[in-house]
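*Asks:* Here is how the chains run, residue by residue.
Number of protein chains: 2
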Amino acid sequence: MKLHWSPKSPYVRKVMVCLQELGLDDRVERVRSVAAMLRPNPQIMRDNPLSKIPTLVLDDGSALFDSAVICEYLDALAGGGLFPARGEEKWRALRWHAFADGLLDVLILWRNEADRGDGQRSDALIDAFRIKTEAALRQLESEARALESAPFGIGHIGLGCALGYMDFRFAFLQWRERAPQLAAWHARIAARPSFRSTEPVLEG
Amino acid sequence: MKLHWSPKSPYVRKVMVCLQELGLDDRVERVRSVAAMLRPNPQIMRDNPLSKIPTLVLDDGSALFDSAVICEYLDALAGGGLFPARGEEKWRALRWHAFADGLLDVLILWRNEADRGDGQRSDALIDAFRIKTEAALRQLESEARALESAPFGIGHIGLGCALGYMDFRFAFLQWRERAPQLAAWHARIAARPSFRSTEPVLEG
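Those protein sequences? They're chains C and V, same order as listed.
Going left to right, the first sequence walks through residues 1 to 204 as our numbering numbers them.
Going left to right, the second sequence walks through residues 1 to 204 as our numbering numbers them.
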């Protein structure tokens with residue numbers, strides 16, 4: 001299989017963590033693909049017209065997206081383990097995963113907005129992103145104990161990558177100050193080999 | 001159960017179509033909730049800190065989101081029918097569903113961008129959204145026959161709502177001209193009672 005990949009995308013990182021946790025990392029060839037909101041990438045678009053990464057090209061040439069679908073597909077390929085099959089455990093994991101993706105969506109839009117030229121930037125929009133991010137942190141802090149006690153799975157992977165992205169691009173938020181229990185949980189997740197080997201790195 | 005709802009959100013519409021197709025519409029109380037990117041809504045945020053709709057509040061007070069998780073939850077509650085359990089059929093349906101949500105994400109951002117004041121609007125960004133949308137239409141046109149032959153499910157519901165949103169907010173695109181087979185498929189989907197009764201309406 002072929003994966004449209006980048007070392008800095010948090011959505012791609014979820015897939016890379018799943019691959020390692022499932023023992024499938026040698027099944028996928030990574031293709032460096034740049035997806036920027038302003039520049040549709042024809043190479044990605046051959047497989048995903050929305051020009052987003054990750055996109056996974058299967059051996060028959062068909063392509064899967066988005067990251068949530070790819071993670072679930074890989075889990076099934078490996079015989080399961082990261083996506084609980086049913087019951088309360090399943091909805092809790094899927095909600096955390098969606099929570100993480102939704103938080104990442106806010107952060108990515110925030111970053112794009114902040115990168116706009118002075119005249120084009122909307123401070124009201126940035127305020128809205130900040131309010132949502134802080135509310136998300138408060139809610140996740142209140143769920144840190146539940147995260148701790150639930151069996152490791154896709155919800156943890158999603159939130160681990162979302163908080164990792166906050167460290168990578170939003171260090172100025174210093175989120176740990178307002179979410180100490182979440183920070184303690186995150187430190188344990190971030191120590192897993194699958195997380196350590198996929199940590200994004202700023203260019204020197 | 002309580003659903004943060006609006007008559008014009010295409011993501012909410014997916015949930016409403018699922019409820020009707022599954023025979024669950026009398027199980028959910030709709031609460032009119034306005035989610036605008038610029039204005040975080042405290043009432044929604046009590047249940048979903050990201051301030052997005054749909055958000056489904058279960059009888060025990062816990063809340064599920066996003067729309068994909070809610071649709072899958074409702075499907076399980078009804079004993080299944082819209083989410084294929086396994087195999088190629090499953091990944092095809094989930095890919096179409098994610099394709100639909102991704103296309104909707106592009107269209108919503110496009111609309112927000114177009115609504116900005118003259119100085120704040122990025123024409124380059126709008127061009128990028130248009131390129132992705134047209135590529136998505138070309139791809140979906142090539143898949144119209146596959147959509148036609150697959151058993152009705154969440155992929156069809158997603159794409160039906162995405163194309164319905166294009167009719168609602170992007171009529172000027174006249175997408176049917178470039179995607180006649182997709183248009184024929186859409187006409188049959190749109191004739192289902194679940195789609196007819198959830199069609200968004202412009203204010204007079």
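Among the hints, a few may not be true.
Stated by the list, open to error - Simulated crosslink set (DSS-like; lysine-lysine; CA at most 27 Å straight-line):
| no. | chain 1 | residue 1 | chain 2 | residue 2 |
| --- | --- | --- | --- | --- |
| 1 | V | K2 | C | K90 |
| 2 | C | K8 | V | K2 |
| 3 | C | K2 | V | K90 |
Rather than coming from a laboratory, the hints here were simulated on the basis of the structure.
*Asks:* For every hint, state whether the structure bears it out.
*Replies:* So, going through the hints one by one against the coordinates:
1. V:K2 with C:K90: Holds, at roughly 20 Å.
2. C:K8 with V:K2: violated, 38 Å
3. C:K2 with V:K90: Roughly 20 Å separates the two Cα atoms, so the pair holds.
In summary, the structure is inconsistent with hint 2 from the numbered list given earlier, while agreeing with all the others.
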